[in-house]
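Asks: Chains A and B supply the protein sequences, listed in that same order. Its first residue numbered 4, the first sequence is counted upward by one per residue in my numbering. Its first residue numbered 676, the second sequence is counted upward by one per residue in my numbering.
I should point out that these hints are in silico values taken from the structure, not numbers from a laboratory. Worth double-checking, as some hints may not be accurate.
Just a sample of chain A residues kept apart from chain B, beta carbon distances all over 10 Å, derived [unchecked claim]: (1) Gln14; (2) Leu33; (3) Val66; (4) Gln67; (5) Val90; (6) Ile95; (7) Tyr105; (8) Thr182; (9) Pro235; (10) Gln238; (11) Ser256; (12) Gly297.
Pairs of lysine-lysine, DSS-like flavour, derived with a Cα cap of 25 Å [stated by the list, open to error]: (13) A:Lys222 x A:Lys211; (14) B:Lys1178 x A:Lys45; (15) B:Lys909 x B:Lys768; (16) A:Lys45 x B:Lys1133; (17) A:Lys45 x B:Lys813; (18) A:Lys45 x B:Lys822; (19) B:Lys958 x B:Lys997; (20) A:Lys45 x B:Lys845; (21) B:Lys1133 x B:Lys1197; (22) A:Lys221 x A:Lys211; (23) B:Lys768 x B:Lys1281; (24) B:Lys1264 x B:Lys957; (25) B:Lys836 x B:Lys813; (26) B:Lys1070 x B:Lys1059; (27) B:Lys813 x B:Lys845; (28) B:Lys832 x B:Lys761; (29) B:Lys958 x B:Lys1255; (30) A:Lys45 x B:Lys1189; (31) A:Lys45 x B:Lys798; (32) A:Lys45 x B:Lys957; (33) B:Lys1264 x B:Lys1053; (34) B:Lys1082 x B:Lys991; (35) A:Lys207 x A:Lys128; (36) A:Lys45 x B:Lys793; (37) B:Lys1059 x A:Lys45; (38) B:Lys845 x B:Lys1082.
By construction, the Cβ of each residue, glycine as well, lies at the ideal position given by its N, Cα and C atoms.
Chain residues, written in single-letter form:
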Amino acid sequence: MTKYILKRLGQSLVTLFIVVSVVFLLMRLLPVEGYFGDGYDKLTPEQRTAALQRMGLLDPWYVQLGRFYFNMLKGDLGTSIIYRRDVPVVEIIAPRIPYSFYFGVAATVLALIVGLSLGIAMARKKGRAADKVGTGYIVLINAVPSAVYLLFIQLYLTSLFSLPLLFDRYQFRSWILPTISLSLGGTAGYAMWIRRYMVDELNKDYIKLAMSKGLSEKKIMVRHVMRNAFVPMAQYLPAAILSTISGSIYIESLYSIPGMGGLLVDVIQRQDNPMVQALVLIFSSVGIIGLFLGDILMAIFDPRIKLVKGEGAR
Amino acid sequence: MKKTVMAAFCTLLFLSVISAGAAPKSEDYYSVYSGELTTLNYLVTPSENEHSVIANIVDGLVEYDRYGVLVPSLATDWDNSPDGLKWTFTIRKGVKWVDNNGHDYADVTAQDWVDAAKYLFDKKNASLTADVAYSVVKNAKAYFEGKITDFSQVGVKAIDKYTLQYTLEKPVPYFLSMLTYVCFLPVNGKFLAETGTRFGTDNRTVLYNGAYVLQTFEPQVGRTLVRNDKYWDKEHVYIKRLIFKYNKEAGTLGPELFLRGEISSVTIPSSLIDSWMKDPAKKAIVRPAETTMYTYFYAFNFNPTFDAQYEPDNWKIVVNNKNFRESIFHALDRRAAMLTSEPYAPERRLHNTITPRNFVNAGGKDYVNMDDLAKYSKTDSFNKTLALDFKAKAKAELAGKAKFPVKIMMPYNAGSSDWTNRAQVVEQQLESLLGSDYIDIIPVSFPATGFLGATRRKGNYAIQECNWGPDYADPETYTDPFVAGSNYNWPEKATGYVQANGKGAYENMVSQAKAEVVNIAKRYELFAKAEAYFIGEAFVIPYAIGGGGFEASKLEPFSYPFAPFGMSILKYKGQTVMQKPLSTDGYNKLKATWEDEREEALKKSKY
Chain A
4 MTKYILKRLG QSLVTLFIVV SVVFLLMRLL PVEGYFGDGY DKLTPEQRTA
54 ALQRMGLLDP WYVQLGRFYF NMLKGDLGTS IIYRRDVPVV EIIAPRIPYS
104 FYFGVAATVL ALIVGLSLGI AMARKKGRAA DKVGTGYIVL INAVPSAVYL
154 LFIQLYLTSL FSLPLLFDRY QFRSWILPTI SLSLGGTAGY AMWIRRYMVD
204 ELNKDYIKLA MSKGLSEKKI MVRHVMRNAF VPMAQYLPAA ILSTISGSIY
254 IESLYSIPGM GGLLVDVIQR QDNPMVQALV LIFSSVGIIG LFLGDILMAI
304 FDPRIKLVKG EGAR
Chain B
676 MKKTVMAAFC TLLFLSVISA GAAPKSEDYY SVYSGELTTL NYLVTPSENE
726 HSVIANIVDG LVEYDRYGVL VPSLATDWDN SPDGLKWTFT IRKGVKWVDN
776 NGHDYADVTA QDWVDAAKYL FDKKNASLTA DVAYSVVKNA KAYFEGKITD
826 FSQVGVKAID KYTLQYTLEK PVPYFLSMLT YVCFLPVNGK FLAETGTRFG
876 TDNRTVLYNG AYVLQTFEPQ VGRTLVRNDK YWDKEHVYIK RLIFKYNKEA
926 GTLGPELFLR GEISSVTIPS SLIDSWMKDP AKKAIVRPAE TTMYTYFYAF
976 NFNPTFDAQY EPDNWKIVVN NKNFRESIFH ALDRRAAMLT SEPYAPERRL
1026 HNTITPRNFV NAGGKDYVNM DDLAKYSKTD SFNKTLALDF KAKAKAELAG
1076 KAKFPVKIMM PYNAGSSDWT NRAQVVEQQL ESLLGSDYID IIPVSFPATG
1126 FLGATRRKGN YAIQECNWGP DYADPETYTD PFVAGSNYNW PEKATGYVQA
1176 NGKGAYENMV SQAKAEVVNI AKRYELFAKA EAYFIGEAFV IPYAIGGGGF
1226 EASKLEPFSY PFAPFGMSIL KYKGQTVMQK PLSTDGYNKL KATWEDEREE
1276 ALKKSKY
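Next comes chain A alone, as it looks inside the complex (with noise of 0.2 Å):
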């Protein structure tokens, strides 16, 4: 195991060089303009020259990429240069990142419990009352654009149980409604995928022998079908989870609150470079952890999976 945890550690690193240095030059690739909006025209040639070189633009691509490093290295992600002019941008990300977890993390909790619930519901009363509603539920929320039901939720729903329209930390029915509308699209997914995945494992020649051999239907079910319907899930959890700090644009958008969503896109439709090196550099060192903690989360859960090589390795 500790082979491998090394292994991936070294592959994650490489990934995360490519990964960091790629959208490093990319931002470079973008015209000059972009660092300045809407008031490029009425700016002097030197008045450009003279904030290019502020933001450290003039010198060649390699000085750059080498002074980001360096400067990483010593734990200086650097200054935003645009979005929020010479803060910090560790100042900027990190008072951002706990609303988001917090909203991503209570959502996901909220989705899974209700969409387990209702996938298993559904794969147990297959084609009756219950699976058809959800489907209907599942067919809405993926058919529907989300901006139009989560406006529809926010204007209405606040109306009808008195809810504040926009968060506010200090107001506990404030967290309600985002947390709710944050958690549609994963009920969704989750009911439809442990339903699948029931739906298959209960088709199965083990299923039915166990059945024949007249073990009760709770422990077919608990034993066998739900646990082995869980793992594919369970690779994917750990990335779900962490994932959450990137934030959700819309529902963050709408309701106010100060997170992580839209954050990205924001500072590379405004050419803050320094932003944009250090949202990448956290959301893709979230990426690879999740995956390397969901490939151990399923190792646990079936022990058929080994790691390493020579043991039966994926």
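Following the hints, complete the assembly by docking chain B onto the known chain A.
Replies: Quick look at chain B alone, frame taken from chain A:
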């Protein structure tokens, strides 16, 4: 009887309070916004989003009053030398710099403007507004470019603690108006040194001498401005607290928040205006929103660089034919185009000149009514008969030289639904009037990101809707997009206009107007002549002014500073929040009164 006497007494008491000039009462102001501040460093930022806060927390030397007349602010009076080069200001005594908790930090002195200039003209600080100041202040540009290093040679001096002097490169008749812009605001040098690169990064790293103090500022959450108790003119600040809440979807949620009473004013999006106008209760609280000094026009490109599929060589031939340009000029139904963004009152935004009305005046006469420009300002350019006449002439003159139908590549910003719709309307309308055998308008969509860089700035268009905002209160500012070296439509490349000195006729007229720096009325007339010539030769088609639309608001209109340029118009000083929003009728009545009063005020104004 007793009741009647009591009622009469109360009425008299009330009237006596009113007549004694009691300060207007105001509620707090609540709002939502979708664009967060990127900095509070007012010496570097050119963004109006930031200026909307800065205008309320830092005062400059002069400001505009509610009629658009320049009045003293932190300068109590001033003097201009006979040669027009030296401006000497007496700084108001007893004005304090305070921190975000309202605690005194220092006195405001003349040195604060010198320290601000030193920061502004230091290239290392990369101020994006420095050019506005260094274009007029003596030696400032040379200092910025590093050609001189001794700041004492730059034309900003503190003669004594309360006397400030600017020396200019040349006489600038609109210099006072420039002083209302951010780059002429003061800064406390000691505080600037203490904060270093953190200056203006949040509400604790700026000092306040304005009407409000930014008490709280939490990015992506909100900000609260509270009235500055140490403010020199606090008796004219009526709103005690300005509370802003961040919401990225403010444009969508704003109307609902207003209806729930959670915010004090909201712009009604064009997508909702129809439903609001059809609902009597909502219609009663809707009023027109103010227009701005942004000008919009359709530009003919004389330097086409677009793709061969749109036949740039053919375009070069036709765009240099005046009759061809005039045929489009008169064929464009601007009202039909404007309906895409202003379905209820398109006329409020339609405009027949490049410079907006009410921008500047001389002796009370509006600039757009001067000289030849008056002819255009009062005439709608859309004229079917003229359009078809010019078409016939153009076809005759271009026969055998140009290919018909002429492909006209017209980019639009796909990020704007109004613009997208307008491109289709303009295409159908022009082709239907002039015939698809004459022109083939080809709307081409470009993404919002990098739109101007991909289109106008590199000449990648035949006809394009463009805009421009003023940099100072003088008609010269509206000539900037069209002089050589600009990247709008390159009229200097038009054939048949070059005069003996090698420059275009329009550029020579503008130069002549710029040279007149003593007689303001004459100066404006010369600019009006040049603008009339430019429109008459159909280099552009004037289209509209900015702003407009409708809003629902409890802010009392016409109580705040009115300004053609600068930050005064962004101030809450003088404003009140009424208990109920005003209807359109109520608004129109107030506007009529304000216009009459303004006319009188302008006649009396010295500046």
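Asks: Check the hint pairing lysine 958 of chain B with lysine 997 of chain B against an upper bound of 25 Å on the C-alpha distance.
Replies: Distance of about 46 Å is beyond 25 Å: violated.
Asks: Just want to verify: tyrosine 105 of chain A was marked as not at the interface with chain B; is every Cβ pair farther apart than 10 Å?
Replies: holds (15 Å)
Asks: Checking a non-interface call: every C-beta of chain B should be farther than 10 Å from the C-beta of glycine 297 of chain A. Is that right?
Replies: Holds, since 31 Å exceeds 10 Å.
Asks: Does serine 256 of chain A clear chain B by more than 10 Å, comparing its Cβ with all Cβ atoms of that chain?
Replies: Serine 256 of chain A not clear of chain B: closest Cβ-Cβ about 4 Å, inside 10 Å.
Asks: For a C-alpha distance cap of 25 Å, please report whether lysine 45 of chain A and lysine 1133 of chain B respect it.
Replies: Holds, at roughly 15 Å.
Asks: For the pair supplied as a hint, lysine 832 of chain B and lysine 761 of chain B, confirm whether the alpha-carbon distance does not exceed 25 Å.
Replies: holds (11 Å)
Asks: Under the criterion that the straight-line Cα-Cα distance not exceed 25 Å, is the pair lysine 45 of chain A, lysine 957 of chain B satisfied?
Replies: Roughly 41 Å separates the two Cα atoms, so the pair is violated.
Asks: Taking 25 Å as the top limit, are the C-alpha atoms of lysine 45 of chain A and lysine 798 of chain B close enough?
Replies: holds (17 Å)
Asks: Are the Cα positions of lysine 1082 of chain B and lysine 991 of chain B separated by 25 Å at most?
Replies: Answer holds: lysine 1082 of chain B to lysine 991 of chain B is near 11 Å, not above 25 Å.
Asks: Find the nearest Cβ of chain B to the Cβ of valine 90 of chain A and say whether that gap is larger than 10 Å.
Replies: Label violated. Min Cβ-Cβ 5 Å, cutoff 10 Å.
Asks: Just checking, isoleucine 95 of chain A versus chain B, shortest CB gap more than 10 Å?
Replies: Incorrect as stated: the minimum Cβ-Cβ distance to chain B is 8 Å, not above 10 Å.
Asks: Quick one, are lysine 845 of chain B and lysine 1082 of chain B close enough, alpha carbons at most 25 Å?
Replies: violated (46 Å)
In this structure, the hints that do not hold are numbers 2, 5, 6, 11, 19, 21, 32, 37 and 38, in rising order.
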